[in-house]
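Here is what each chain is made of, one letter per residue.
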Amino acid sequence: MKRVLIKYVSKYKIYVIIPFTAMLLSIALDMFNPYLSKIMVDRVIRGKEKELLVMVLLGIGGISITRSILGYINEYLFDYLSSLVSIDLKRDLFRHIQSLPFKYFDGMNTGELMSRIGEDVDNVWRNVSFGTRIFIENCIYFITASIILFKINYRLALISLVTMPFIAYFALMLEKKIDKAYEKISDQAAILNTTAQENIAGVRLVKAFARERHEILKFLEMNKTSYKLNMEQARIIANHFPVMEFLSNISIIIVISVGGMLVIGERLSLGTLVEFNGYMWMLIWPMRMLGWITNVMAQSSASAKKIFNIMDLEPEIKNSENAVKLKEIKGQINFEDVSFKYNDEYVLKNINIEAKPGQTIAIMGTTGSGKTSLVSLIGRFYDVSDGKVLFDGVDIRDMDLKQLRENIAYVSQDTFLFSETIEENVRIGNIDASLDEIYEACKKACAHDFIEEFEDGYKTIIGERGIGLSGGQKQRISIARAILKNAKVLILDDATSALDTETEYQLLKNLYHGDKKITTFIIAHRISAVKNADEIIFLENGRIVERGNHDTLLKKKGKYYEVYCEQFKDFEEFNRQVI
Amino acid sequence: MAKNIVKQDEDIKKKSNFEITIRLFKYMKPYKFKVFIVILLMIFVMACNIANPYLLKTAIDKYIAGDDLKGLLKIGIFMVGINLIAMFASRIRIKSMASISNNILLTIRHELYSHIQKLSFQFFDSRPVGKILARVIGDINSLQELFTNSVTSFIPELLTLICVTIVMFSMNYKLALSAIVILPFLALSMFFIETVSRKRWQVFRTKRSSVNAFTHEEFSGIRVVQSFTFEEKKSKAFVELVKEMMGAFMKAVKLGDLFWPLIEFSSGIGIVLVYWYSVKLIDKGNITVGTLVAFTSYIGMFWRPIMNISNFYNSLITNFAAAERVFEILDTKPDIVSIHDAVKMPRIKGNVEFKNVTFSYEDGGVVLDDVSFKVNSGETIALVGPTGAGKTTIVNLISRFYDAQRGEVLIDGKNVKDVDIESLRSQMGIMLQDTFLFSTTIMENIRYGKLDASDEEVIAAAKAVGAHEFIMKLENGYHTEVNERGSRLSVGQRQLISFARALLSNPRILILDEATSNIDTFTERIVQRGIKKLLYGRTSFVIAHRLSTIRDADRIMVVDGGKIIEEGTHDELLRCKGLYYDLYMTQYRFLSEGA
Ligand SMILES: Nc1ncnc2c1ncn2[C@@H]1O[C@H](COP(=O)(O)OP(=O)(O)OP(=O)(O)O)[C@@H](O)[C@H]1O
Ligand SMILES: Nc1ncnc2c1ncn2[C@@H]1O[C@H](COP(=O)(O)OP(=O)(O)OP(=O)(O)O)[C@@H](O)[C@H]1O
Ligand SMILES: [Mg+2]
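Chains A and B are the protein sequences, given in the same order. Just add 1 to wherever you are in the first sequence, counting from 1, and you've got my numbering. Just add 1 to wherever you are in the second sequence, counting from 1, and you've got my numbering.
Treat the hints with care, as some may be off.
Claimed, not checked - Reference listing, derived: stretches of chain B covered by chain A, where coverage requires no fewer than 3 residues with Cβ under 8 Å from a Cβ of chain A:
(1) 236–242
(2) 254–265
(3) 449–457
(4) 478–491
Stated by the list, open to error - Quick list of in silico lysine-lysine cross-link-like pairs, DSBU-like style, CA-CA up to 30 Å:
(5) B:LYS234 <-> A:LYS328
(6) A:LYS104 <-> B:LYS8
(7) A:LYS219 <-> B:LYS234
(8) B:LYS234 <-> A:LYS570
(9) B:LYS15 <-> B:LYS33
Treat the hints as calculated values from the structure; they're not laboratory data. Treat the numbers as computed from the prediction; the structure is a model and nothing was measured. Even for Gly, the Cβ is constructed at its ideal location relative to N, Cα and C.
Using the sequences plus the hints, can you model the full thing?
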């Protein structure tokens, strides 16, 4: 919370100073009111000084108008301040999350992140405005009242503060307990968010298995936990607030009793006690509010903690100190003795690959053998554990990260489209592309025809993740997006798996016959897709077990040959029959 | 319902205040008694708070001024006593009120969530996940304030207000009138603020929902964003949206913040009016000075409840927008529901028939055009065809994810629309084209197919699809957490898991939509061998593009342009040299032509 104040609020000093001044003025004006009322009663009504009436009424009216204007300025500017802080906080958090590596997202749920940037920032935001305002206001009252009271009679003032340590003690206890409660609540909110998010994102699965009731029960469980935590918070408040309120009331009673005794013992004048009593409320009120302030602060500091936990994560993958920026990009990729592991176990071992500019490297292999892991090293989505990956002869860890990724077009295995128009989705490949270039890319990706068939053509809006398109249509749009990027290196990770053979054939033909200078990595399971590659690499358990081109591999009669036979076994037979 | 994209504002139909209020307060009904108690306690605590200054005054005026030490101590002890009781009362009050409002929140959220589960695909097709989430989480959270404030402040404050008004009127009705003459103006301006600012709060909530949707999409698509170095653009778009949201907020509070100053202002004017009028009355000798002095002290007591009630009103307006959004979903009628007297689907034999089925998605052209076919129980049917031909759509209709516009889908001679949906779907094992895993253990993910399956059954299913081996290699075996959507696993491994899940459900009809598209040929062979036994006697639909996958199907249907254009076994289809032959031969073209 302190960090929020220092880093974010201090930037907008003016929006603290103005409302603060307005508040001071308004409080000062408020002090005139009892005085005016007194004049009214004593002099105008009792003393019949008629000529004062207009003056006094103007005074009261004027004060109330000025106070309402000041009050408005104060509230509005504090709201403004808090919204500025919230924008900054959200922006920084968002930027920071974006800079974190894949590894972070592997272990993090979308729902939780949403909760952090949503509810948690909102908590901080709400409390910055409300909390600060109340806090300052009460401080002013407390200090003014203390000064006045000490001036009137310091002994009584000391007595009136006698319960203060107890109140402070309870405030501390409250802070300690409720802080934990809020942290739990904030975590539970993230869980609730995650559960609901998964359910809604996976609603098709839920319905396919008719598991609605199960899901409802699951959510109800979370919901109940959250209920319990909220009740726990209420319990803590119930155990502290009333006591603090009681103590502050007690302090008045003590003052009056002790003061009364002094008066009766003629050690104090009655007038002083009455006067003292009049200002006592100004002291009591802030004491009572202490509970509220603690509560609000604890809530926002719990949320702030969660936010800064994320902010404090160093992005593991970032530019090195003196990152190289290549002048000319050729597109040569080398793997030198690369090994890689996600956790403890190696998923890639001693990989050596050389892809010259313009060459096509095909990767095949069993499920989970490490194909995706291998290509994700090229764009430095993960860093190698041993060995190195070179781009045009430079270790990619020494390269400018942005430049590296800008020169690689990666079509990932699970297609992701944004809920925008088709045109905008393709345009992600290159923001400045003209419409013609987009059409061109889509034609190459065999997507143009089906897009044109839609009622709205390229302006067709697609749902989140591409809902509303068939599997193959999604894949082709994501390929078009990559083609439009016009990078020197293209990676297709099983990107044609949902295409029928004809379309796949056409698409690959377009790619190969296009600009020959693109270095291509293609992962596929169909022989037809890899056959024409310059080198075909066969992976098993993270090791390269076979490599060579189509013909040499067929002759070798190894794994590749076996796949070939499986996919084409009755083909030759059929040919014999027909011909 | 047209598609709603992330950045686009939702359209929320405005409901009348009255309707919303009634609906909200219905939720309080079960807690009538508790609410009653809370109000009583509240009134007691308030009475104590009001009594405190009064008692102090008595102490000073009567006992201290009268040098009565005993009396002073007595009243002191009495005060400590009532404050102590008040303390316990407010403790109970806080707890009870929290329990009521949290219970209501739980109920509404549960109701909303349950209702959302009933809605059909069309609902989910047309809006981003983040926007639905915004309602389940954010909007409902903001109702909490409303419920907590409503009872605790509104009713007791109203009572105070009424009491004070009565006292004021009984003292002097003319003065009382002059004190409340400003109220109609206050009410009028509040009403004006309300009408305008409610719309603005709705705009704010809508924008907020868009921000939510944006972050959802961003974080679930972060890998694409990073690989296209799109971070800057996305940040900008995000800040843009947040600014819009905050702009909407500022616009709303621009009016909302007027509340307090307005009351401040009115109370000031009110007091001026009273003074001015009272001086006139005194001149005429209508009231005494004493009455006036007493009266002025009541004016303060008169305005405090008004302030608190207005504050409540303000929070009502602020949060009505959220209530509106929650109710909107609750009012969305699910369009795919079991009919009123739906019978349970008996054990499915597996005869599936399409009779002249025509279907189009809500916002598109015809996808299936007069499709008819018949499948006998136990058959394995392969659906092939160009992408976007409508294969997935066909299987979507069998499991009644959508309803056909024309024609009938019959299972064992029963129209799927006439049977209970749950009894229908629970007999089907569907493997969707988009693999989805939950972020829990592998064990739990597979078990989703059959919730009461034993560990052994789960493992048997995993073995059948050849997933057992790789699962055992993971650090915690079956208890490995797979993360969101299964991102801990390779894509092929995810497919295997979801395959095992579909098998475990022991379905009467199995639907495999590109179940093995990301699985290599070796593993696929293992899968096919493994499931052969399991599939015996069950109807199954297999969609695949790798033709080696479907070669052995009993019958292959070729779908193109929303129609079934060829049908037969692999050999028959090759012989008739139609589309299937072409598809098949393309593979060969690869081999012969150097592409
Ligand atoms: N939810 C939806 N809303 C609107 N249109 C849709 C929806 N789902 C699919 N479509 C459209 O319906 C058509 C048929 O899609 P379908 O998914 O049935 O194709 P498919 O044959 O399974 O293709 P693929 O082999 O690529 O998976 C496509 O043109 C697609 O754009
Ligand atoms: N994010 C991750 N964290 C930990 N382990 C992972 C992660 N992603 C993949 N793995 C593991 O690494 C191994 C290799 O996975 P990879 O995705 O590279 O396989 P693949 O060859 O692409 O398989 P497929 O053909 O199924 O896509 C698998 O055993 C997988 O379980
Ligand atoms: Mg992979």
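Hint-by-hint comparison with the structure:
1. Interface restraint, the stretch 236–242 of chain B with chain A: holds (3 residues with C-beta to C-beta distance below 8 Å; minimum three).
2. With 8 residues bearing a CB less than 8 Å from a CB of chain A, the stretch 254–265 of chain B meets the requirement of three and the coverage assertion stands.
3. Beta-carbon proximity to chain A at under 8 Å applies to 3 residues in the stretch 449–457 of chain B; the threshold of 3 is reached and the given coverage holds.
4. Proximity of the stretch 478–491 of chain B to chain A, defined as three or more residues with a beta carbon under 8 Å from a beta carbon of that chain, is established by the 7 residues found.
5. Taking the CA atoms of B:LYS234 and A:LYS328, the gap is near 24 Å; set against the 30 Å cutoff, the hint holds.
6. At most 30 Å may separate the alpha-carbon atoms for a hinted pair to count; A:LYS104 and B:LYS8 meet this at roughly 28 Å.
7. A threshold of 30 Å between alpha carbons decides the hint, and for A:LYS219 with B:LYS234 the separation of about 38 Å lies outside it, so the pair is violated.
8. Between B:LYS234 and A:LYS570, the direct Cα distance comes to roughly 50 Å. Violation of the 30 Å bound is thereby established for this hinted pair.
9. For the suggested pair B:LYS15 and B:LYS33, the alpha carbons sit about 29 Å apart, so the restraint of at most 30 Å is met.
Checked against the numbered hints listed earlier, the structure breaks hints 7 and 8; every other hint is satisfied.
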